[in-house]
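**Student:** Residue strings, one per chain:
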Amino acid sequence: MYKKIMYLLLLVSSITQAQNEEIKGKIVDENNVTLLGANVYWLNTNIGVVTNENGEFTIKKSQETTSLVVSYIGYNTKKIEVIDDSFLTIKLKAVEELNEVVLSKSLKSTEHSLFKATNVQTMGQRELLKAACCNISESFSTNPSIDVNYSDAVTGNKQIKMLGLTSPYILIAEENIPSVRGASQAYGLSFVPGTWVESIQITKGAGSVINGYESISGQINYEILKPSNDDPFFVNAYADASQRYELNTHFNTKYSDKLSTTLFLHGNTRLGKNDNNNDGFLDNPIGKQINILNRWQYNDAETGIVSFLNLRYMNDDKQAGQVAFNPDTDKLTTNAWGSEINTEKFEISNKTGYVFPDMPYQSIGFQNSFQSHTQESYFGLNQYDIDQKSLYSNLLFSSIITNTKNKFTTGINFTYDKYKEFVAVNFAQDFSRIDNSVGAFFEYDYDNLDNFQVVAGIRVDNHNRLGTFVTPRLHIRYNPWKDAVLRTSIGRGKRAANIFAENQQLFASSRSFSILNTEGTLYGLNPEIAWNYGLSFIQNFKLFGRDSGVVLDYYRTDFQNQAVVDVDFSPQQVVFYNLKGNSVANSFQAEFNIELKKHLNFKTAYKYYDVNTDYIVGNLQKALQAKNRFFANLAYETHILDKGQQWKFDATYNWLGKQRLPNTSSNLPQYRLGEFGEAFGVVNAQITRTFSSTFELYVGGENIGNYKQNNAIVGANDPFGAYFDSSMIYGPVFGQMYYAGLRFKIK
Amino acid sequence: MKKLILVLLLSFVGFSMNAQDKVVKKSKNKEVIIKALGNCEMCEKRIEKAAFSVKGVKSAEWHVDCQDVHVIIDENKCTKEDVAKAIANVGHDTDLVRASDKVYDEMHSCCQYERL
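Order-wise, the sequence lines are chains G and R. Numbering-wise (the numbering used here), the first sequence opens with residue 1 and increments by one. Numbering-wise (the numbering used here), the second sequence opens with residue 1001 and increments by one.
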């Protein structure tokens, strides 16, 4: 019996033996010359053979492995997987001994994406350094997609516009958490020091549903420097001829490869009482700001967790008005006209992301932020106080449907805003209120991984003042041929206009305020609703052998309802009312850029705006908006030497066509402005000298042509009279201005 | 008796092997790396497209520097070999399956990488 079993077993093993055939093959070099004496063996075994004079070998199949290794002196060892019994021809490559050649190409400082569904451009740190001063409201002067305007002749505040619409219609977010909104709308961007920022992403047209329903003309997102890859120490000092001084220091500590923190300290003071146009008013406000951010980052690559915690405190004091104004004795009197704007801000925010370890395409994100923003201010005899406490929470889940060609993001978010708002103008009223909203969103992203992508999003929100409503957004990208992209976007936006916070420049005038509607839920007005449609085309090409590109885009914003701010009804009034009729903003932009020679880049753009609204007096072009604008930027950098030494030169020219001025024809002749403000151009330039990779100096000039608007303040000689108005400003008030600064870091 | 022991033993071995098969659970998100040769952006698109054509492939990213494609597959639906076969079918040699000369020759000249 045992014998039978033994035979059976032997038989079985001999059958398997018979299956265990041999593998035959040939080893050749790149020129198909056979190699004699090459080693052929199974991976991690002692079973091996050597090729014969014809380069051929025969090796028995191994039961442990199918990985066959071939090696030969002077050639790269090769491993192949054997899956069938066919004859193998294996080619070995000779080991190449080449000197290392480093090829480098400098990236553009602003990059237009060719492969994203949205028309997004990223301003990197090099672009941000082109505008050395000082906060992000001033960093867009070298970017043609954003227009930097002056909001009034008193506060020196700069206002940004996109597609011909002011910043309230732009969703401004700090790392995707909406940051400049509500009470901070007017001055919010000036509370973010430029050195803190790692990059800025500018999206034109309808944005993603993920960040909310409020964006109408576009989105600006800025990323703060990440503690995990920051330098241990950084300092930036800045001074200018108007006696503005800024100091930024960053201290970074890495406790482990997982935990790191950066402390950002910013202080600035504006001491100079300048009155270059001799109208008795300060050209720029005096004041001081202290701004502290402590940022923590926890990174665990193994578990897939990334978390940030931000703690922030900011205090900003501004004083503006007549040079002789002394706040201690003249505040809210007619002794002299003056204004003080004091803002205090506190913020705590956390975001945590989790990426599933074996599924890199699946993640969960949770963002939470609490902000407290308090502004106490007066403008002559007008008073404005606003306090906003807000909570924002966003939970996101991203994954795929069958494969990564089909991605989706879904989630819910919650916003709570408690406003205390007090306005004392020609009337005194308390507009304190609580706003809250809860919403859910779903965004589907299809990408054929080649030339076509669709991102379709929808969200449903319930807001105590805006009601329950649906926000659809659609983006399509198509790459018709090489280095080209065609995009289109459609989206709806809805928002509650904070008519006072967003139009604070009008407080610095003798205008009386009135709201014509009473039935609405927001100051008597209805929510603003607009559709935005956009089409853009980018083509990159070689011109005379040089990298160049053209960007063309056209956007249209069509308001279904708008909280119209009417300064044309009467020069002594500002009237707010619901839109009756049409309000549209059309914008067309053509941009051309070329690398003229290595390290010399030229960018130019032409912009056309047609922004018109049906006012009480009829359809008018938006006041203080140039129909035609021209932009040119020339940047040159020398080659970086061994120790990092480099020169950088940058010059920007902005030309603004004539702008319609608010109607002043009923004023006394000496208080009338023309129908249009004159066209003008402004040149900014900067030179940076880098001495090493850790130290650099810069000098620059703004408005080098010394253009100044005449009559920037109407009725400046009688600020408590009926004609006083500092809001009709279309150009710079302060003439040419020069600055210098340094940057130093420890690596 | 001895026969019985032998039968028991054999069945036990068979059982334990079976059990082992069950322990190796098929992963729904298995990352596999397949050597796949190519040159350019066109190759990248072709390789990734081919990988995605296999049912059960969730993500595919080809790296020109490493000459490999990182694929995440649902092992219940497909195998590493299926993916390699699909990539070889469109003209790219993999460490598991070699592309046919005919398909290779038909590729754009810029895609004609050096073969295995």
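I should point out that these hints are in silico values taken from the structure, not numbers from a laboratory. Cβ atoms here follow ideal geometry from the backbone N, Cα and C, with glycine treated the same way. Be a bit skeptical, because a hint or two may be false.
As the list claims (entries may be wrong) - Straight-line alpha carbon distances no greater than 25 Å define the calculated DMTMM-like cross-link-like pairs of lysine to aspartate or glutamate that follow:
1) Lys1035/R to Asp358/G
2) Lys79/G to Asp1082/R
3) Lys405/G to Asp1105/R
As the list claims (entries may be wrong) - Just a sample of chain R residues kept apart from chain G, beta carbon distances all over 12 Å, derived:
4) Asn1029
5) Met1042
6) His1063
7) Gln1112
Said to hold, decoys possible - The following label-pair restraints were derived from C-beta to C-beta distances:
8) Asp1101/R to Asn368/G: 27 to 37 Å
9) Pro472/G to Asp1101/R: 48 to 58 Å
10) Ser1027/R to Tyr636/G: 17 to 27 Å
11) Leu1116/R to Pro472/G: 22 to 32 Å
12) Ser1027/R to Val460/G: 18 to 28 Å
13) Val454/G to Asp1101/R: 34 to 44 Å
14) Asp300/G to Leu1116/R: 38 to 48 Å
15) Phe115/G to Lys1077/R: 50 to 60 Å
16) Ser86/G to Ser1027/R: 45 to 55 Å
17) Val460/G to Cys1040/R: 15 to 25 Å
**Student:** Evaluate each hint against the coordinates.
**Tutor:** Hint-by-hint comparison with the structure:
{"no.": "1", "hint": "Lys1035/R to Asp358/G", "in the structure": "holds, 20 Å"}
{"no.": "2", "hint": "Lys79/G to Asp1082/R", "in the structure": "holds, 20 Å"}
{"no.": "3", "hint": "Lys405/G to Asp1105/R", "in the structure": "violated, 29 Å"}
{"no.": "4", "hint": "Asn1029", "in the structure": "violated, 4 Å"}
{"no.": "5", "hint": "Met1042", "in the structure": "violated, 10 Å"}
{"no.": "6", "hint": "His1063", "in the structure": "holds, 14 Å"}
{"no.": "7", "hint": "Gln1112", "in the structure": "holds, 14 Å"}
{"no.": "8", "hint": "Asp1101/R to Asn368/G: 27 to 37 Å", "in the structure": "violated, 59 Å"}
{"no.": "9", "hint": "Pro472/G to Asp1101/R: 48 to 58 Å", "in the structure": "holds, 51 Å"}
{"no.": "10", "hint": "Ser1027/R to Tyr636/G: 17 to 27 Å", "in the structure": "violated, 55 Å"}
{"no.": "11", "hint": "Leu1116/R to Pro472/G: 22 to 32 Å", "in the structure": "violated, 50 Å"}
{"no.": "12", "hint": "Ser1027/R to Val460/G: 18 to 28 Å", "in the structure": "violated, 37 Å"}
{"no.": "13", "hint": "Val454/G to Asp1101/R: 34 to 44 Å", "in the structure": "holds, 38 Å"}
{"no.": "14", "hint": "Asp300/G to Leu1116/R: 38 to 48 Å", "in the structure": "holds, 39 Å"}
{"no.": "15", "hint": "Phe115/G to Lys1077/R: 50 to 60 Å", "in the structure": "violated, 29 Å"}
{"no.": "16", "hint": "Ser86/G to Ser1027/R: 45 to 55 Å", "in the structure": "violated, 31 Å"}
{"no.": "17", "hint": "Val460/G to Cys1040/R: 15 to 25 Å", "in the structure": "violated, 45 Å"}
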